[in-house]
Amino acid sequence: MSRLLETFNALKTQNRKALIPFITAGDPHPQYTVGFMHALVKAGADVLELGIPFSDPMADGPTIQLACERALVHNTSLWQVMDMVAEFRKTDAKTPVVLMGYLNPIEMRGVEAFAKKAQATGVDGVLIVDLAVEESSAYLPTLRQHGLDCIFLLAPTSPEARIAAIAKEASGYLYYVSLKGVTGAATLDIDSVTAKLAEIRKHTQLPVAVGFGIRDAASAAAVGKVADGVVVGSALVSEIEKNQANPGVLAGLLADKLAPMRAALDQLK
Amino acid sequence: MMSYEYPDAGGHYGPYGGQFVAETLMEPLRELEAAYTKLKNDPAFLAELDRDLTHYVGRPSPLYHAERLTKAWGGAQVWLKREDLNHTGAHKVNNTIGQALLAKHLGKTRIIAETGAGQHGVASATIAARLGLECVVYMGAEDVQRQSPNVYRMKLLGAKVVPVHSGTKTLKDAMNEALRDWVTNVDNTFYVIGTVAGPHPYPMLVRDFQSIIGREVIEQAPKQIGRQPDALVACVGGGSNAIGLFYPYIGEPAVKMYGVEAAGRGLNTPDHAAPLTAGKPGVLHGNRTYIMADENGQILPTHSISAGLDYPGVGPEHSWLKDSGRVTYVAADDDEALASFHELTRLEGIIPALESSHALAYAKKLAATMGKEQSIVVNLSGRGDKDIFTIAKLEGISLL
Chain A
1 MSRLLETFNA LKTQNRKALI PFITAGDPHP QYTVGFMHAL VKAGADVLEL
51 GIPFSDPMAD GPTIQLACER ALVHNTSLWQ VMDMVAEFRK TDAKTPVVLM
101 GYLNPIEMRG VEAFAKKAQA TGVDGVLIVD LAVEESSAYL PTLRQHGLDC
151 IFLLAPTSPE ARIAAIAKEA SGYLYYVSLK GVTGAATLDI DSVTAKLAEI
201 RKHTQLPVAV GFGIRDAASA AAVGKVADGV VVGSALVSEI EKNQANPGVL
251 AGLLADKLAP MRAALDQLK
Chain B
270 MMSYEYPDAG GHYGPYGGQF VAETLMEPLR ELEAAYTKLK NDPAFLAELD
320 RDLTHYVGRP SPLYHAERLT KAWGGAQVWL KREDLNHTGA HKVNNTIGQA
370 LLAKHLGKTR IIAETGAGQH GVASATIAAR LGLECVVYMG AEDVQRQSPN
420 VYRMKLLGAK VVPVHSGTKT LKDAMNEALR DWVTNVDNTF YVIGTVAGPH
470 PYPMLVRDFQ SIIGREVIEQ APKQIGRQPD ALVACVGGGS NAIGLFYPYI
520 GEPAVKMYGV EAAGRGLNTP DHAAPLTAGK PGVLHGNRTY IMADENGQIL
570 PTHSISAGLD YPGVGPEHSW LKDSGRVTYV AADDDEALAS FHELTRLEGI
620 IPALESSHAL AYAKKLAATM GKEQSIVVNL SGRGDKDIFT IAKLEGISLL
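The listed protein sequences derive, respectively, from chains A and B. Going by this note's numbering, the first residue of the first sequence is number 1, and it counts up by one from there. Going by this note's numbering, the first residue of the second sequence is number 270, and it counts up by one from there.
No lab work stands behind these hints: they were computed from the structure. Treat the hints with caution; some may be incorrect.
[Claimed, not checked] Distance windows between CB atoms, simulated: (1) B/A410 to A/E169: 37 to 43 Å; (2) A/D256 to B/P418: 50 to 56 Å; (3) B/L536 to A/A165: 53 to 59 Å; (4) A/T187 to B/S417: 32 to 38 Å.
[What the hints assert, rightly or not] Simulated pairs of lysine to aspartate or glutamate, EDC-like, Cα-Cα distance not exceeding 16 Å: (5) B/K438 to A/E69; (6) A/K180 to B/D450; (7) A/K242 to A/E69; (8) A/K42 to A/D92; (9) B/K340 to B/D592; (10) B/K309 to B/D456; (11) A/K225 to A/D266; (12) A/K257 to A/D216; (13) A/K180 to B/E296; (14) A/K180 to B/D456.
Quantities reported herein were computed from a predicted structural model and do not represent experimental measurements. We treat Cβ as the ideally placed atom computed from N, Cα and C, and that holds for glycine.
Whole structure, please, built from the sequences with the hints as guidance.
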């Protein structure tokens with residue numbers, strides 16, 4: 001059984017919601033990322049999403065764009081990101097790690113080589129933002145062969161037929177993008193999220209995590225009421241941005257930001 | 270006639286093209302394709318497009334025999350397809366009119382565009398003014414600096430110009446920002462992409478709108494040259510003017526075609542913008558195509574004297590035409606383009622855009638290898654008025 005499936009099953013048994021923080025690997029410097037991962041787990045993360053820095057993150061808002069730029073100042077590469085996961089795995093064999101990024105860095109190294117190294121370093125899942133399900137057949141079999149879950153995005157604009165097609169190919173969990181926009185956008189409309197999740201659940205048994213627009217305990221709890229998991233990214237990354245001059249305090253700040261969300265989610269049951 | 274039927278149903282040109290965007294945009298792209306498929310055979314839509322191209326743009330554009338240039342180059346007869354004479358001064362308007370009419374038929378009230386040199390931004394702002402649409406143009410902060418006359422033009426036309434400060438602050442970053450705007454405002458907004466790149470159906474529909482260039486040459490050539498030309502030459506940044514000239518000729522194997530990329534400071538330096546000549550296949554801006562990227566997949570900064578060619582990708586159909594061997598892709602550097610800029614200006618009284626000057630630079634070499642009874646059509650994709658400040662600065666002349 002995959003680590004992601006195990007984690008979501010366990011949460012379900014405990015009637016708890018998954019808390020899924022996202023940070024960009026290598027931000028503000030590659031030496032801190034593994035420490036941040038451990039701090040986030042301690043603060044209550046169930047799954048970690050680790051962003052692969054890309055020069056042209058066209059689906060991301062300014063916060064993640066700048067995080068990519070900070071990571072790329074130190075040339076943080078896809079291979080280095082996976083080495084960070086290997087380092088993390090030395091002391092955490094349990095928490096699933098999902099790599100999230102754009103196709104080109106994977107394409108340039110070849111999907112076969114990527115999948116092999118991902119498996120070897122302890123990566124559990126891959127979410128390629130700009131890989132639509134229509135284009136995915138050249139990639140999915142290789143990723144699956146190496147035990148990697150393939151996580152897909154669903155959006156407010158996804159019609160029912162697309163939801164069905166995507167649900168068929170996805171594994172691990174589905175990531176519902178709560179709004180039309182880029183990462184870090186401000187508004188979150190819980191009613192429309194609730195309605196869309198009901199539509200999605202008609203087509204899948206997979207857990208559905210919701211991301212985009214979750215920045216604090218209140219918004220995490222609101223989404224947690226209707227989703228299986230809550231993804232929080234820009235709110236954490238902006239802590240890194242604000243305090244990049246003082247990287248020593250960042251792990252603590254990230255934990256402080258995440259812990260109230262954990263508490264709010266655990267009060268839901 | 271060779272058979273050539275691209276793209277396929279998924280928007281692929283061989284292994285290139287396709288749709289590589291975040292999920293939110295997939296359905297809007299499908300809607301756009303459905304609307305276009307319906308409208309492209311709708312007589313009322315086509316009549317509206319044709320009326321605007323004739324009376325607003327001033328088409329057909331002339332095919333001009335550059336006799337003094339021909340003599341100076343000492344080879345094939347040189348003919349210029351005068352897209353520089355279009356309203357707004359470049360071929361870009363052929364496409365913006367088509368897409369803006371699509372926007373109107375889709376009920377969108379706001380158009381957005383990315384621009385490099387500013388020509389596509391001006392063409393978008395122009396048609397937005399003409400149709401009463403709100404218009405926002407994204408432009409790399411560096412390009413805003415080097416193309417200030419076009420920025421002012423867009424503002425005069427009522428468009429909002431947003432300088433983009435992320436990444437390399439050039440065309441690719443403007444395109445990222447336009448995609449972000451589109452994903453956020455997709456309900457009321459139409460993204461008018463300026464070149465044959467981006468996700469399907471954009472490369473196809475921009476090609477179809479620009480193909481008016483080649484279709485006119487096919488009609489003009491027998492009357493003026495006496496037969497079809499032996500060679501076509503066009504510059505390639507994203508590649509819209511080139512595909513516009515080439516596409517109607519793809520099934521005519523006797524007509525050789527040459528796409529000229531920007532070699533910048535030289536292909537042996539990192540400072541160029543020639544993905545077809547010196548890049549490799551990858552995925553950027555929604556399609557698989559030749560790009561300039563490092564071994565880790567990060568997109569590389571590019572350089573060209575011409576802002577309109579300063580882009581690390583290229584339309585996916587060009588990638589396919591390269592691999593299939595139908596079109597030969599070459600490159601001309603900054604100095605060669607500048608020399609051709611001056612040569613055409615002085616010999617023919619036509620000031621070419623720096624983009625088009627790259628096509629002229631290669632045509633000069635090609636003409637010299639051909640006989641006087643042969644002919645070349647060079648796509649003069651735009652006029653150079655916008656570039657005179659850049660050139661004056663390079664030559665140390667102050668215009669203020």
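These are the hints, each one checked on the structure:
1. B/A410 to A/E169: 37 to 43 Å: holds (40 Å)
2. A/D256 to B/P418: 50 to 56 Å: Roughly 51 Å apart at Cβ, these two residues keep to the hinted range, so it holds.
3. B/L536 to A/A165: 53 to 59 Å: With Cβ atoms ~43 Å apart, the hint is violated.
4. A/T187 to B/S417: 32 to 38 Å: The hint (32 to 38 Å, Cβ to Cβ) holds, given that A/T187 and B/S417 are roughly 36 Å apart.
5. B/K438 to A/E69: holds (13 Å)
6. A/K180 to B/D450: holds (10 Å)
7. A/K242 to A/E69: holds (15 Å)
8. A/K42 to A/D92: holds (11 Å)
9. B/K340 to B/D592: violated (35 Å)
10. B/K309 to B/D456: violated (22 Å)
11. A/K225 to A/D266: holds (11 Å)
12. A/K257 to A/D216: This hinted pair holds, its Cα atoms lying about 8 Å apart.
13. A/K180 to B/E296: holds (12 Å)
14. A/K180 to B/D456: Given pair A/K180, B/D456 holds - Cα atoms ~9 Å apart, limit 16 Å.
Hint compliance for this structure: hints 3, 9 and 10 are broken, all remaining hints hold.
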